[in-house]
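Trainee: Top line first, the protein sequences correspond to chains Y and D.
Per this note's numbering: the first sequence = residues 197 to 421.
Per this note's numbering: the second sequence = residues 926 to 1248.
Hints were generated in silico from the structure; no laboratory data involved.
There may be inaccurate statements among the hints.
Taking lysine to aspartate or glutamate and the EDC-like style, the derived pairs with C-alpha atoms no more than 20 angstroms apart in a straight line are [claimed, not checked]:
#1 D/K1180 to D/E1208
#2 D/K1060 to D/D1149
#3 D/K1195 to D/E981
#4 D/K980 to Y/E211
#5 D/K1191 to D/E1215
#6 D/K1141 to Y/D394
#7 D/K1137 to D/E1215
#8 D/K1048 to D/E1145
#9 D/K1048 to D/E1067
#10 D/K1043 to D/D1149
#11 D/K1138 to Y/D394
#12 D/K1123 to D/E1102
#13 D/K980 to Y/D205
#14 D/K1138 to D/E1153
#15 D/K1059 to D/E1023
#16 Y/K275 to D/E1197
#17 D/K1234 to D/E1067
#18 D/K1170 to D/E1023
#19 D/K929 to Y/D394
#20 D/K1002 to D/E1023
#21 Y/K250 to Y/E315
#22 Y/K275 to D/E1023
#23 D/K980 to Y/D394
#24 D/K1137 to Y/D394
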Amino acid sequence: MISLFGDLDWEVVAEITLRSLKVSGSAAILASVIGIPVGVFLSLYNFTGREFLKSIFNTLLGIPTVVMGLFLYLLLAPKGPFGFLGLLYTEMGISLGQMLLVLPIVVSITATSIEQVGEEIYELALTLGASRAQAIVKVLNEALPGIILSSIAAFNRAVAELGIALMIGGNVFVYGGFANTRVLTTAIQMHVARGEIDIAIVLGLILLSLVFAISWTMNLVKKWL
Amino acid sequence: MAQKIVILALAILTITFGLYFYEQNKKEGLNILTISTTTSLYDTGFLDEVARIFKEKYGIEIHFIAKGTGAAINDAKLGVSDAILVHAKSKEEEFMKEGYGVNRKIFAYNFFVIVGPKDDPAKIRGLSVVDAMKKIAEAGREGKAIWVSRGDLSGTNVKEMYLWEKAGFDYEEIRKESWFRETGAGMGQTLLYASNEKAYTLSDTGTYLRFKKAGKIDLEALVDKGEELINVYSIIVVNPEKGNKNFDLAMRFEKWLVTEGQEVLKDFGKEEFGIPLFYPAAEVLEKKIEPYYSWIVKYGFISGSECPKEYRYRAEDYDIAFW
């Protein structure tokens, strides 16, 4: 019997680790693509309701993942308003859910780090005759460490969360299956429920290593830039 | 530097979306059956085995979503699942009455056990179920015993409510008493809690045996005999008129489960635990093997049948008969 039951199947472990990386990685990337411009906009442009918007994003920073998972489950269920998308119990569904979860992280950290280093530089660049676009590039350069940090933080929260991965992903696993959704966190939860604590610990260590490896790689990228 | 950022961003985006399109293509024409299931069935690993067989033999991916009976029924109502595997007759009847479920088939049974600490402060070892429940309540009120309930509307929890009523207690009343504790968690966690607190609880056999064998709990099976403890598992297919897409596949799975699937079921876990975790029900129903037949009829049938006529839907197309 080929089974995870009772012993460790390294092929399975590799598969779910790669899936965690893929699902949460794309969530973080999508959130960065959307969130960084929003963060820049919030920090550099003055408009009415700006402070209000910022505090909304700050509040969303702490949204519990189970609440988010519940919302999304109801929205994405076939009889829900977005059921026609067919995203429930799919990898894409988890990615999208995690993207929504970590978007406020990207926005808030980006905005904060630009405010810390950038506002004066922005004004200065403008007075020195730079165009708005040139001034923004200048500010982005200065705030880059903070922006990269926002993406790392986004990935870390996405890959470590359980609520969305479980409620939207459903922890589906079939040997040789093409539409599996089991990721590291849902696998850990399942093995704890099954009383297979040793496997859960191994998977937990892998999850920690993954978070560490990504943070480290991003540090290297920061230097390369 | 700005150029480097653009290059990096483009590279990452290309790789991500490339991967997704690749995956999407692989999934074209894939047969997927979604089944919401009770955790006690899922956590044994039996359904992993079933999913593997279906993938290898028939090229069908069965997605089992482990949720507990109450949540599995909710999944089906929201149009998520094509069929459900459950073990709580009263909930199942409700589900079919509301028009969501059809073609219920009983495919397995086993027994619940009342487990407790070795020193057995309520002195229930070997008693009948009803007497044991009475003793536990008595000892509880004297401060000598603790009862742990799952309190999560799972099949096990529903059975527990039935047992309390049967022993002459009002579940809604005793759950408020201080010796009565609810975990609101799955069976595994509830067993760990009970073991820690030296408490009694009701467990399904599979989970209890696995946790016991792994040395994670210090509890003993004190009452494991009695027809009231029978645990009847059934499959209910979601009514295609309620928006189900995979009725045909679900029915073929149901047919498999009560024929070839019975062989897989029979041997599952035997080697590891010495006793089987589930007993196949098809033969018992067909040949009326006593006493189990009478017990299944009493605790698993709805109005004298595993699936009353009004809840059947085109089952003859799949050569499925109901008892």
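Trainee: Under the constraints set out in the numbered hints, which ones does this structure not fulfil?
Mentor: Of the numbered hints given earlier, those the structure breaks are 3, 7, 14, 15, 16, 17, 19, 23, listed in rising order.
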